[in-house]
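> Please construct the entire structure, taking both the sequences and the accompanying hints into account.
Number of protein chains: 4
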Amino acid sequence: MKSIVIHAAKDLRIEERETPEPREGQVQIAIAAGGICGSDLHYYNHGGFGPIRLKEPMILGHEVAGHITKLGDGVTGLHEGQLVAVSPSRPCGSCKYCREARYNQCLNMRFYGSAMPFPHIQGAFRQVLVAEAAQCAPADGLTPGEAAMAEPLAVCLHAVKGAGDLMGKRVLVTGCGPIGLLTILAARRSGAAEIVATDLSDFTLGMAAKNGADVTINVGEAPEQLATYEADKGHFDVLFECTGVAQALAGGIQALRPGGVIMQLGLGGDMTLPVQAMTAKELQLRGSFRFHEEFFTGVEMMQKGLINTKPLITQTVPLAEAETGFHLSSDRGKSMKVQIAF
Amino acid sequence: MKSIVIHAAKDLRIEERETPEPREGQVQIAIAAGGICGSDLHYYNHGGFGPIRLKEPMILGHEVAGHITKLGDGVTGLHEGQLVAVSPSRPCGSCKYCREARYNQCLNMRFYGSAMPFPHIQGAFRQVLVAEAAQCAPADGLTPGEAAMAEPLAVCLHAVKGAGDLMGKRVLVTGCGPIGLLTILAARRSGAAEIVATDLSDFTLGMAAKNGADVTINVGEAPEQLATYEADKGHFDVLFECTGVAQALAGGIQALRPGGVIMQLGLGGDMTLPVQAMTAKELQLRGSFRFHEEFFTGVEMMQKGLINTKPLITQTVPLAEAETGFHLSSDRGKSMKVQIAF
Amino acid sequence: MKSIVIHAAKDLRIEERETPEPREGQVQIAIAAGGICGSDLHYYNHGGFGPIRLKEPMILGHEVAGHITKLGDGVTGLHEGQLVAVSPSRPCGSCKYCREARYNQCLNMRFYGSAMPFPHIQGAFRQVLVAEAAQCAPADGLTPGEAAMAEPLAVCLHAVKGAGDLMGKRVLVTGCGPIGLLTILAARRSGAAEIVATDLSDFTLGMAAKNGADVTINVGEAPEQLATYEADKGHFDVLFECTGVAQALAGGIQALRPGGVIMQLGLGGDMTLPVQAMTAKELQLRGSFRFHEEFFTGVEMMQKGLINTKPLITQTVPLAEAETGFHLSSDRGKSMKVQIAF
Amino acid sequence: MKSIVIHAAKDLRIEERETPEPREGQVQIAIAAGGICGSDLHYYNHGGFGPIRLKEPMILGHEVAGHITKLGDGVTGLHEGQLVAVSPSRPCGSCKYCREARYNQCLNMRFYGSAMPFPHIQGAFRQVLVAEAAQCAPADGLTPGEAAMAEPLAVCLHAVKGAGDLMGKRVLVTGCGPIGLLTILAARRSGAAEIVATDLSDFTLGMAAKNGADVTINVGEAPEQLATYEADKGHFDVLFECTGVAQALAGGIQALRPGGVIMQLGLGGDMTLPVQAMTAKELQLRGSFRFHEEFFTGVEMMQKGLINTKPLITQTVPLAEAETGFHLSSDRGKSMKVQIAF
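Protein chains in written order, with my numbering: chain A, 78 to 419; chain B, 78 to 419; chain C, 78 to 419; chain D, 78 to 419.
Calculated from the structure, these hints are not laboratory results. Do not rely on the hints blindly, as some may be mistaken.
Chain copies aren't distinguished; within one or between two, either way the pair holds.
[As the list claims (entries may be wrong)] Calculated pairs, DMTMM-like style, for lysine to aspartate or glutamate (alpha carbon to alpha carbon, straight line, at most 20 angstroms): (1) Lys-173 - Glu-370; (2) Lys-310 - Glu-177; (3) Lys-173 - Asp-309; (4) Lys-310 - Asp-408; (5) Lys-381 - Asp-291; (6) Lys-411 - Glu-177; (7) Lys-310 - Glu-398; (8) Lys-387 - Glu-377; (9) Lys-381 - Glu-370; (10) Lys-310 - Asp-347; (11) Lys-79 - Glu-92; (12) Lys-387 - Glu-93; (13) Lys-132 - Asp-88; (14) Lys-381 - Glu-301.
Structure representation (structure tokens):
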């Protein structure tokens, strides 16, 4: 059973691991597709991010889907051969936050492919994965690639939910990588009346325009276009900040109307913010982190054709060329979501 | 200038009235399309409803759109020849509820075609209407028929907004007349993951299925189908009650999960409700009445292709045959929305 | 070990039961005080209420406090001799509602002294009770009588929480029994600016006036006083309905302002409601049922002197005279909360 | 008629101005008490703050109360001799934010004693003030000093309201000047179960302890005490940040539990914030700016004895010694709220 293991920055290896067997309540899955995420890239390019660093080899990957090959005892509602999207989120179920149903804040979370804590939580870029049945969303009718989009889609659905009712709202999305694009899809599906998207890359802005943005602005080339939204204390009800860059957030703040909500998805360390301006306009800056039940919602939305993630999968590479996938994925001018076929 | 005047139950006349001229801030509009609403039908069939009764002749109609023929002084942002949807809602702007921005609860509301108060508020089924510029939503790109759907659509957007965030929610709609259908469109657009619709007519249920309902149930013929949603204290997060019939509401209550929200749109006088069951499940019954800014939101959503009301317009009759339109509109087995072409 | 057992309407017996021993995670408690609740009275006076009927003898009681006499293995944070208030709410922790942290809607709830389901859930009016440590709120500094008020207080805190932010709000409370009075205390503590209370008994209204109501109205004698709040579509932001009587609810509806919230605490079977008026004013009728974490909040609030329940305990009778307590408790003209000293 | 005029930093003069007469809808008021606010101090000590600078002489003051000396035509509900608290907030009533009832964000706000815009908005530190009747809250039963506390109290009530329901919540207040203290009073009245307050001055912390804080921490001397609240991702539900100092905010962030709310009242320019940590814990940073209807709520709460601001008025100086008041007010080790008697 082959797996994709990161040993250190730029040291990515395809290694054999023992094929795991399912226990009670678990299923064995032949992984079919795995999407490369920004955090995977951070491990590959830099060996980690912020205080989170690799200390031992770790299987990467947390955006995966595959077909069930074996059912453990007591598993119902799933069957062999069935395509499932696998949620990488494994809260403990018994800490104080789990008991409050705030599962994404679990004190003992074991999220796939995560160098925090130590020993690291091994990931899901592997030919065979054993998962709890409860992690599996039946994905009948989807392609494995679409099913593997459930994870980043869930991140965006969680953020959209955190922003409250979007019906008729005016929305700004800063950053048009996969998270920005999926946020555009989710916001459009949630009733946003107007969506303006910004980025520094014409490639990603072009994709934003094709996937639901009403207006796109290259803030590197034409920052004055965003400034047109600043009149009378601003225009947008909600900003989905998907860059983690202070400059993007600050620009958005000027364009938000009083009482506006900033959903912060991008993770970017410390930022210097115009807190006085934010206070005077009574803005709300809300963090959004991972997801929980939105994973299953996302799969259902895709199955019903309510959200279409297919156009975002720009490249699929075979397992043997996984490293090529990591290179492609690092190039924001050529790729949106790169997936690996196992 | 011809207008459609109700004198008493079943006494509908097409009468000449003087052509009005716009004053400062107003526009003159050649009405092109007018939709017949349930309240118009109540006046036509019964001379009123509940305590609200006709006491003098009244021009009917409040779902209208037309082309601007003249601009009063000081009007900007509109131009002659432009198609506009005209909001029938005219709050005073200065009572205590208007000052709280709760305009639909205005103490001095002058809503078109309303027998409350006295003298009645004359309606908009007329060839020429003068309205405040602020009532007019530019409807470029829409047909007059679609533009005239802005009013009932606004009613439903207001209800959807009142239900809070619908993303991923399970929704039940009882009653598949125009309000039920537009609610389905609005709920789908707002991210509902599952929509089940009930009615007694296969014609309207068929239209519900074509316009976004995942499942339709004829509760006259197969009430047991709704009962399948009652297990484990119920299934739905939100019920949009569009019938005003106690039985429909009571059935929905059994199928709602704990904490579920009932948006009551149907107006049906007193109702006997299972309040103890509602209390034990901690349900929320919320009234939804008319709309305000949702009128403009609805036009924008139609213009952007986010909500498509066209399939709901099943018949259009010429002004001379207006009464035929009222008959058609009363037959729930043959029509959804009937409009009059002026 | 003596316990208070209801066999049928008016057939209340004090019976010996075996003294229970605590297992792992449990504590043994010498019950000191137990308050008689409306549901206890229903079993005593009528053998049940609505569809819930006694089918076998049942120990009554769910408002209790006492001193710990023994700790089971593994219990930390509690000690022998300590006064604790004991929550009667025992959700399963694993059904779908528990996993959503909606514990009061648990599908397998075992609430003390409850004839639903069968076999009945035996109650806590007993000299020795064994409870899970997690049910126990340390009540140091309180009297046993106060600590036994934690349960009905929790019911009211849950309702106040369900009403949302009360700061500066105008509140109507219909029904001034113990639940009405505790709601007044909780609403006052939560920042209500104005509290008007209604009842049919001058005794309970007098207690309401002494415990935080700004105005009291005997709606039997002077119903016109409530009508003064009906001008301009009504006055109150929130109605806490504590009677379960349709007439009280209907009167409150007239006095609620548009958008007002009705928290329904009283359980009164089916009710005929003016749904049309409720819809037109966009009122919200919300059920409130039991509580969860509010039990612990209530004890803390009493310990800090933020809520004072002592004046509501009007009589305390010894165990041998428990039946006298039930009689007293049934007389709304003489008693508020009657407790039994074990 | 004497008034207190700031000409430049440290250049405060008591000057004669013409006595104004009330027009229709206005009242003339003999100001009795005026509280010195942080922004008054900024003008006095620094000639402004951030980008807001004095460009011409300006009468200071916006926390005032006095007795009505004359009624303009058409004024009802007020009478000569009556004590009123005067709201300094004068929104235009017709801009887009006013029409949304978001009055504190008015595009044309004329808030007393404000150097933005130019010409400056003259303030209310004057022996005779003419105000709109609608600005006046009858303050019968209060002292003029208490009535003059209505303005800073309104700021804090607005922030408490912005934090949502506080019943049973755990609250941290950073900064124990007048705004911090009034926030403690308001949070306690709104049902907060636990209040911890921090500051660098033992004098203000002592006042916090006397006015409702359960625990006080001098973060200059014992920062480790706040760190005890950081276990398991933090302890507090809400942080009221009243310093405008990044260090205070950052410390609070560590002590907030996941999903916690930061109400930012302190105005402190740009701040460098740990946005990644805020995002991972899904915190919400919400600005709170001025107030609107809370001004009237605050007066009512004081009149009913629900909030007691009297102990916060530490010094009152006569008009002739106004500058002494500004010195006293600048010394956080000796004064809380300093007022001027006119």
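> Please go over all the hints and tell whether each is borne out by the structure.
Outcome of the hint check:
Both within a single protomer and between protomers do Lys-173 and Glu-370 lie at most 20 angstroms apart by alpha-carbon distance, with minima of 18 angstroms and 12 angstroms respectively. Within a single copy, Lys-310 and Glu-177 get their C-alpha atoms only as close as 38 angstroms, which misses the 20 angstroms cut-off; across copies the closest is 14 angstroms, which meets it. When the C-alpha separation of Lys-173 and Asp-309 is checked against a cutoff of 20 angstroms, the pair qualifies only between copies, where the shortest distance is 9 angstroms, while the shortest distance within a copy is 45 angstroms. In this homomeric assembly, Lys-310 and Asp-408 never come within 20 angstroms of each other (Cα to Cα): the closest approach is 36 angstroms inside a single copy and 36 angstroms across copies.
In this homomeric assembly, Lys-381 and Asp-291 come within 20 angstroms of each other (Cα to Cα) only across copies, at 9 angstroms, whereas the closest approach inside a single copy is 24 angstroms. Taking the shortest Cα distances, Lys-411 and Glu-177 never come within 20 angstroms of each other, neither inside one copy (43 angstroms) nor across copies (42 angstroms). In the homo-oligomer, the alpha carbons of Lys-310 and Glu-398 never lie at most 20 angstroms apart, since the shortest distance is 50 angstroms inside one protomer and 40 angstroms across protomers. Taking the shortest alpha-carbon separations for Lys-387 and Glu-377, only the intra-copy value of 15 angstroms comes in at or below 20 angstroms, while the best inter-copy value is 27 angstroms.
Taking the shortest alpha-carbon separations for Lys-381 and Glu-370, only the intra-copy value of 17 angstroms comes in at or below 20 angstroms, while the best inter-copy value is 30 angstroms. For the homomeric pair Lys-310 and Asp-347, the shortest alpha-carbon distance between copies (18 angstroms) is at most 20 angstroms, but the shortest distance inside one copy (26 angstroms) is not. Taking identical chains as interchangeable, the C-alpha atoms of Lys-79 and Glu-92 lie at most 20 angstroms apart only when both belong to the same chain, with a minimum of 5 angstroms there against 69 angstroms between chains. Taking identical chains as interchangeable, the C-alpha atoms of Lys-387 and Glu-93 are never at most 20 angstroms apart, the minima being 31 angstroms within one chain and 58 angstroms between chains.
In this assembly of identical chains, the alpha carbons of Lys-132 and Asp-88 lie at most 20 angstroms apart only when taken from the same copy (13 angstroms versus 63 angstroms across copies). Neither within a single protomer nor between protomers do Lys-381 and Glu-301 lie at most 20 angstroms apart by alpha-carbon distance, with minima of 40 angstroms and 25 angstroms respectively.
In this structure, the hints that do not hold are numbers 4, 6, 7, 12, 14, in rising order.
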